[in-house]
Amino acid sequence: MSQDPESVDEPPPSDTRPYLSIGGARDDDLTGDLPVSGLRPYLLTSGRAEPVDQTLEIEAQVQTVNPGDGLAFEYREIVQLCTVAMSVAEVAAKLKLHIGVARVLIADLAAQGYVIVERPSFPAHDRNLIERVIRGLEAIV
Amino acid sequence: MDLKPSSEPLPGRRRPPVPVKIVIAGGFGVGKTTTVSSISEIRPLTTEAAITSVAAQIDRTGEVPAKTSTTVALDFGCITIDDSLKLYLFGTPGQDRFGFMWHDLAHGALGALVMVDARRIDDCYPAVDYFEKIGLPFVVAVNLFNGELIRDLADLRWALAVDAGIPLITFDARDRLSVRDALLAVLRHARSRLDAR
Chain A
1 MSQDPESVDE PPPSDTRPYL SIGGARDDDL TGDLPVSGLR PYLLTSGRAE
51 PVDQTLEIEA QVQTVNPGDG LAFEYREIVQ LCTVAMSVAE VAAKLKLHIG
101 VARVLIADLA AQGYVIVERP SFPAHDRNLI ERVIRGLEAI V
Chain B
1001 MDLKPSSEPL PGRRRPPVPV KIVIAGGFGV GKTTTVSSIS EIRPLTTEAA
1051 ITSVAAQIDR TGEVPAKTST TVALDFGCIT IDDSLKLYLF GTPGQDRFGF
1101 MWHDLAHGAL GALVMVDARR IDDCYPAVDY FEKIGLPFVV AVNLFNGELI
1151 RDLADLRWAL AVDAGIPLIT FDARDRLSVR DALLAVLRHA RSRLDAR
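Each protein sequence line maps, in turn, to chains A and B.
For reference, each letter of the first sequence is one residue, going 1 to 141 in the working numbering.
For reference, each letter of the second sequence is one residue, going 1001 to 1197 in the working numbering.
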């Protein structure tokens, strides 16, 4: 991908780090898509390539418990989104984040108490859980 | 296990539902996304996951060697079972070069639906191999693209060399109830495997 000089000359919004505007083609940094394609993912994670909790499952449910003030852009989007509980995978898809990046950011937010994370149990060993899912699917008509 | 056990939801909010998942595996174009779309209560979403290991395989579609830095789309949807339980469906390309993703997807899964296109059955071999290896209950499901089966099931079972205990079914990925029944086949198989222990 060739560098577009025009977009580089464009001054970034003052409250975001410069690379967040590269390739974004959006001015509304609150609701715009995160311009992650072509961006090295660890730029969004303060240099870390591994989540605080590496085992955070992609189906784990994330729910905001403290909206938080003064959070950095990428964290703010997540706490705003997760006022309704959703999975790590949904957060990644909706914010157009690489799933590994979403994992890191969510683990950070959980560690700081902004979100709670409901992690899966080990359903494969739980007959009652399987029964509940069977009944739930049977109810679909 | 919570990451932050001391935190509680904001007043008036219940705890988030417990997530469970079923993996939908199969080759490109076999109808995984269609399957998820047919039954998901949300429009299927796509996210990207990194290919983290070097794969020597040549991609069937583009004949481009897989690189360490490429990403792959992961399609998924969900079904609310009840207030406190939510079923996720994750569709994953069932090819060797995406094998890195399978651990993440399969870990903690209730089971897997391995989709087969009867015209290209070898596309599903890596998924069958993997689920056999890790012991995840799975059902092999032939997607009936035009409502007809071009090879009989006994023939397919022989070609796939799957154990007689592995259910082999047919379904229509475009039909909601047919997809429901295929998922039920996975769950009933998982339950019977549990009972057999």
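By construction, these hints were calculated from the structure, which means they are not laboratory data.
In this text, all values refer to a predicted model and were calculated from it rather than measured experimentally.
Hints are supplied without guarantee of correctness; some may be wrong.
[What the hints assert, rightly or not] Dumping the calculated SDA-like pairs for lysine to any residue here, alpha-carbon to alpha-carbon at most 25 Å:
# : chain 1 : residue 1 : chain 2 : residue 2
1 : A       : K96       : B       : D1129
2 : A       : K94       : B       : A1073
3 : A       : K94       : B       : K1133
4 : A       : K96       : B       : A1073
5 : A       : K94       : B       : L1085
6 : A       : K96       : B       : K1133
7 : A       : K96       : B       : H1103
8 : B       : K1133     : A       : E57
For each hint given before, does the structure comply? Return the numbers of the non-compliant ones in rising order.
When the structure is compared with the hints, numbers 1, 3 and 6 turn out to be violated.
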